[in-house]
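There are 2 protein chains.
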Amino acid sequence: MQKPGGKVYLIGAGPGAADLITVRGARLLAQAEVVLHDALVTPEMLALCPQAVKISVGKRSGQRSAAQSQISQQILECAQHYSLVVRLKGGDPMLFGRADEELTAMEQAGIEYAIVPGITTAVAAAASACQPLTKRGIARSVAFFTSSTAPGETSDTRIPECDTLIQYMGGKEAALTAQRLLASGYQPDLPVVVIENCSRPNERILRLQLKELEDGLSDREGPVLVMIGEAMRSRFGQT
Amino acid sequence: MQKPGGKVYLIGAGPGAADLITVRGARLLAQAEVVLHDALVTPEMLALCPQAVKISVGKRSGQRSAAQSQISQQILECAQHYSLVVRLKGGDPMLFGRADEELTAMEQAGIEYAIVPGITTAVAAAASACQPLTKRGIARSVAFFTSSTAPGETSDTRIPECDTLIQYMGGKEAALTAQRLLASGYQPDLPVVVIENCSRPNERILRLQLKELEDGLSDREGPVLVMIGEAMRSRFGQT
Chain A
0 MQKPGGKVYL IGAGPGAADL ITVRGARLLA QAEVVLHDAL VTPEMLALCP QAVKISVGKR
60 SGQRSAAQSQ ISQQILECAQ HYSLVVRLKG GDPMLFGRAD EELTAMEQAG IEYAIVPGIT
120 TAVAAAASAC QPLTKRGIAR SVAFFTSSTA PGETSDTRIP ECDTLIQYMG GKEAALTAQR
180 LLASGYQPDL PVVVIENCSR PNERILRLQL KELEDGLSDR EGPVLVMIGE AMRSRFGQT
Chain B
0 MQKPGGKVYL IGAGPGAADL ITVRGARLLA QAEVVLHDAL VTPEMLALCP QAVKISVGKR
60 SGQRSAAQSQ ISQQILECAQ HYSLVVRLKG GDPMLFGRAD EELTAMEQAG IEYAIVPGIT
120 TAVAAAASAC QPLTKRGIAR SVAFFTSSTA PGETSDTRIP ECDTLIQYMG GKEAALTAQR
180 LLASGYQPDL PVVVIENCSR PNERILRLQL KELEDGLSDR EGPVLVMIGE AMRSRFGQT
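Which chain is which? The protein sequence lines are A and B, in order.
Residues in the first sequence are numbered from 0 upward in steps of one, following numbering that gives the first Met the number 0.
Residues in the second sequence are numbered from 0 upward in steps of one, following numbering that gives the first Met the number 0.
Check each hint, because a few of them may be wrong.
You can't tell identical chains apart in this list, so a pair holds if it fits in one copy or across any two.
[What the hints assert, rightly or not] Within a straight-line C-alpha distance of at most 25 angstroms, the following computed DMTMM-like cross-link-like pairs (lysine to aspartate or glutamate) qualify:
| hint | residue 1 | residue 2 |
| --- | --- | --- |
| 1 | 171 | 160 |
| 2 | 53 | 211 |
| 3 | 6 | 202 |
| 4 | 171 | 213 |
| 5 | 6 | 111 |
| 6 | 171 | 18 |
| 7 | 210 | 160 |
Worth flagging that the hints you see were computed from the coordinates, not collected in a lab.
Kindly produce the complete structure, drawing on both the sequences and the hints.
Right under this line is the structure:
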C-alpha cells in the first residue's frame, strides 16, 4: 500500500478548560488542517484551532453516537486528504480513550501518527478539590477504573483493590460501586469526593460519605468522576 | 494571623519535555517571581521562567535531599517575600508528589494557593510507547503505585489488583514486584514495558516479559516507570 501523506496527532485535550491542554497540544491544534473531536471537547478548546475544519465524532454516554469503527474510518479518510490531522480526545487518549482501535486502524493503513498526552480528569479533579490522590502513610496506590456498559461486556466489574479508588464516567454506576464496597467491608464513613464538569465554569464538587453514595447521585448532568478513599478526607474537618 | 500577600501556585511540570507542561502552567511560570523546583525538573523547563529566582529543593531517589518540612518552610518564606510563587513538581503534584504536606503548611500559615495539574508520567509513557493503558475487553482498570522506602514505612507493599499495573519510581523495586506477581500466579510471559527518562532526549523504552523483570533492571540511570499487563502486549508481535 502506498503510504498516505498525512500525519495524525492523537492529542489529549485534558478535562475541559482550554488552558489545561499541553503547550505541545495547543501548538499542534493551531497548525491543524482538520480536527476530529469528541462531543465532550469544549468550544473554548476548539477556539484554539480557528483555521481548522472541525468534525465532531462525538461519543457521549447515553446519546446516539458514531460507532468506533466509523470514527477510525473517518481518521483514515482525513489522513488521505490533509497533511496535518488532529484527533482530539477529552482527558488523555491512553486512559479510557479507545486509542487501541484508532492506533490499530492507522497502523494497518500505514499512516504515520504521534500521540500527545493530556491531563487525565482524575488529576485535574484532585487539583480542583485540593485533595491529593496519594498521601504519606495513608494512600500509596490509586486505581482508575470504569464500569462498562458496552455490548458484550458484563457490567459486574470487580472493584480494584487500591488505597484510592477513582471511577471514571461514574455518574450512574457509583451507587453500585458503593454497594459493593460496603458489602466487602469498607467503612460507611469513608470519604468520597464527586466532581462534575471538572475544570469548567459549571464545575461542581460534592463531598459525601460512602454510605451516602450508596443512594446514588441524582441531578448530575455533565461528566462525573468519583473519588473514594481515606486520602479524600478533608483537611478542614468536613466529611 | 495577618494574611501574607503572596500567592503560591503548585504546578505539575509533567514528565520532562518543556512543551508537555500545560498552557496554564507555562503562563504562570513566565510570570513567577520565584520558582521552587524539584531536582527532576529539566533545564529546558526552567528556561520558561528566565525572569524568576530559581531555588532547587531537589529530592531525588538515592541522593541527599532537603527534608519535606524544610521544603514547606521555604515555600512559606517565599510567600512572605514574593507575590507570585511557583512550586514546580515533576509529573503531577497530586500523584506521588507529597502535596499534602505542602498544602497543609500553607493552610496553617493562611497562604493563598492554587493547584495546576500536570501530565503524570504514566500517560506520557503510554504515549511514548504507543501502548494504551486500557483496552476494550482486555484492561478496564489501571493501578498507579509505588513502593516506599521512607523511614517508618515497610517496603512490603501489597500489589494492587488491577488489569494494568504501573509502578512509579520502579527502578530498584520492580524485581520484587515481579517476584510477588509470579508467586501469586501471574503469567511469566505477561508483557512489561519499562520507560526511562520519559519524554526526554535520552528516553529509553524496554519491552520484556514478567519473568525477565524478576532478574531486575540493570543499567538504569534516570527515573524509571514500569508498566505491566496484557494491555502492554505489542501490536507488532514483540513481547
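Each hint tested on the structure:
For the identical chains of this complex, residue 171 and residue 160 are neighbours both inside a copy (21 angstroms) and across copies (23 angstroms), given an alpha-carbon limit of 25 angstroms. Within a single copy, residue 53 and residue 211 get their C-alpha atoms no closer than 42 angstroms, and across copies no closer than 46 angstroms, so neither meets the 25 angstroms cut-off. Within a single copy, residue 6 and residue 202 get their C-alpha atoms only as close as 35 angstroms, which misses the 25 angstroms cut-off; across copies the closest is 22 angstroms, which meets it. In this assembly of identical chains, residue 171 and residue 213 lie within 25 angstroms of each other by CA distance solely inside one copy; the values are 11 angstroms within and 41 angstroms between copies.
Taking CA atoms no more than 25 angstroms apart as the test, residue 6 paired with residue 111 passes inside one copy only; the shortest distance there is 5 angstroms, against 44 angstroms between copies. In this homomeric assembly, residue 171 and residue 18 never come within 25 angstroms of each other (Cα to Cα): the closest approach is 29 angstroms inside a single copy and 36 angstroms across copies. In this assembly of identical chains, residue 210 and residue 160 lie within 25 angstroms of each other by CA distance both inside one copy and across copies; the values are 19 angstroms within and 23 angstroms between.
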